[in-house]
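These protein sequence lines are chains U and A, in that order. Per numbering that gives the first Met the number 0, residue 0 is the first one in the first sequence, and the count goes up by one each step. Per numbering that gives the first Met the number 0, residue 0 is the first one in the second sequence, and the count goes up by one each step.
These aren't lab readings, by the way, just hints derived from the structure by calculation. Do not take every clue at face value.
As the list claims (entries may be wrong) - To spell it out: a stretch of chain A is covered by chain U in this simulated footprint if at least three of its residues, at any positions, have a beta carbon under 8 Å from a beta carbon of chain U; those stretches are: (1) 132-139; (2) 311-321; (3) 349-359.
Note that the Cβ used here is the ideal one computed from N, Cα and C, for glycine as well.
For reference, the chains in residue letters:
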Amino acid sequence: MTVTSLQRPFIVVSLLPRLLNTNGDAGNARVLAQRIRWSGHDAQVVDVHSRADLPEHVDAVSIGSGTDAALLPARDALRTLVEELRVWSNSGVPILAVGTGWELLSWGIDLADGSVLEGLGLVAGQAVPRATRATDDIIVASKYGRLIGFENHARDYVGAEASPLGRVVYGSGNGDRASGPRIEGLTMGEVFCTHLHGPVLARNPGLADHLLRAAFSRHGLEYSRGARAGSVDATALAARNQVAVRLGQSAE
Amino acid sequence: MLARWRKPGGGSAIPGVVVNRIAPGFLATTLNGFPLGLVIVTGSSGKSTTTKMLVAVLRAHGLSVFTNQSTANISQGLTSALLERVGLSGQIAGDVAVLEMDEGHGALIAESLTPRVVALTNVMVDQIDRFHDSEMVAVLLAKIAARATETVVLNADDRYLADLGSSLDATVRVARYGVTAEVLGQYPRGLGYADTAASRLSAGTGLQLTRAVGRDADVQFPTGGHSIRLPARGIHYAVDAVTALSTAQATLGERFDPTIACTALSAMPAVFGRGEVVTVGGKTIEFVLVQNPSSFQLNVDSLEAGTEQILVIIGSDVRDPSYFWPVDTSGLSHVLIASGLKAHDIALQLAYDNVAVDRVEPDVPTALDAFLALPDPASGVKTIIFSADGMRRTRAHLGLVSNAEES
């Protein structure tokens, strides 16, 4: 018998939205939940500030980016959830981590004053200081489509060379490399890490729908994009094309 | 920068450049030399409104006030403006100087200034491009506050400012103001501060905002309560008014009269672009200016229920479309047109917040014409929510007085 629905709402967890939401990246949880609803299923966003907030079921996870002042409290809060994060990432629960949220999942963060903030060690690599803050639009060629967003970070990322999210067409991404193409982001299974902050999933529904297919397939369900999502994605395409054309790229 | 100084109404900054070269100490010496001294208003948000309110209150008390029109021309432009006021005797006419300062500018220029009173409005997470962290903003504000010779007026509901107040030199008086727990309770999302202080002012320890509904607000003074009519709707204007009143009290001392102050505040004309109501071609329109995520959220939350005709214009000044994503726009329910250079981006956000968007029209004049052509709404007034760039384009297209100095 084919399964056609989940007997409960899909649960999208927004991790530490008070500490990690400088650019509205926590909105990515909202984006996933809306797209699930538009596909005809029930969905709910659960804000998790500490272990006490953890829901029984977790179908997708969003971690945003915060200020450097929030790095230590955010790392300490994430540490209390490290076992869950390990279980989710090993069992194919899609996880999106943006900016400092990504850096905290890494081996560690080399801070500008020479000290190192140890990360959770869930994904390979580490964040290292860069000469000047990267603040600009960014365009990435990826297998989830051409991703367009905004980056604003004071650190590069090294150690993601084996499995980047994509290749930088415009912008800084993970930073300069001695050789090879410039890359952006990191993927590990269904864990997606990126510098594209803010509503990366709204602007790039190709990536959002990949995460949703992963979330659905864990339950033997097939995700299909709803009609409402279709018209909203046309708006996202117009927004992306505007940036692409301004930066000398072709419209899609 | 020159282009900015040449905007209509901005005056010429050239004499200022010349004087600053010939007599580099002129600006500081003059500003420090007013009989009632210098008052500086600074903070993340609300300083422009607060400054205008403060000036109105001081003038109502019979003072002659020297003030700046904006923070944009802070050094050279100020010198030019001061020169216009120098009499034949070489003296500047005026009792007191009131300056609005940008936190960045302020920390630089404040080195040479000795303000009698420094007023701090709040620390908000905004202006991401310039000041990445609220901590950094707090440090800049602390530098300005440290220059105060007599009183630092501060918002006790803002955790960063409350902390700053307790670390100031003991020779400086701290005048605290804030809202009551009841007022704060009406805003479950808070008042937009980067961090809200854990507790409210206890009664009698500073000016308190005890009520804010629409354009009406009540303020509790040590001598009793007074009501004021705000120049625009919204809790942030009410807090700005309390900031201005508290600063006026610090500046005037014994001469401060709450009745004169509240009457002067209530008589102020609506602030440009912020809850300003205009009539164009017989149609009434309310303007709502959103400058940062906090003011966007507060404006959405305080919009008249049932407003059925809304135009949103987000322009090129919003460099990063992520900027407004922390805002929950769902309260708008239905937007007729999304416009401006970032029309697609704001339409996308509205869509994910379940707000119906009928039309996306990046060209501002086209959007305005279509919006104005609609018959008057059955409920609420035609409402235009815009960024500063959207406001400029709107005013230009509708032939309204330009307001280049508002920032």
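Tested hints:
| no. | hint | in the structure |
| --- | --- | --- |
| 1 | 132-139 | holds (count 3) |
| 2 | 311-321 | holds (count 3) |
| 3 | 349-359 | holds (count 5) |
Checked against the numbered hints above, the structure breaks none of them.
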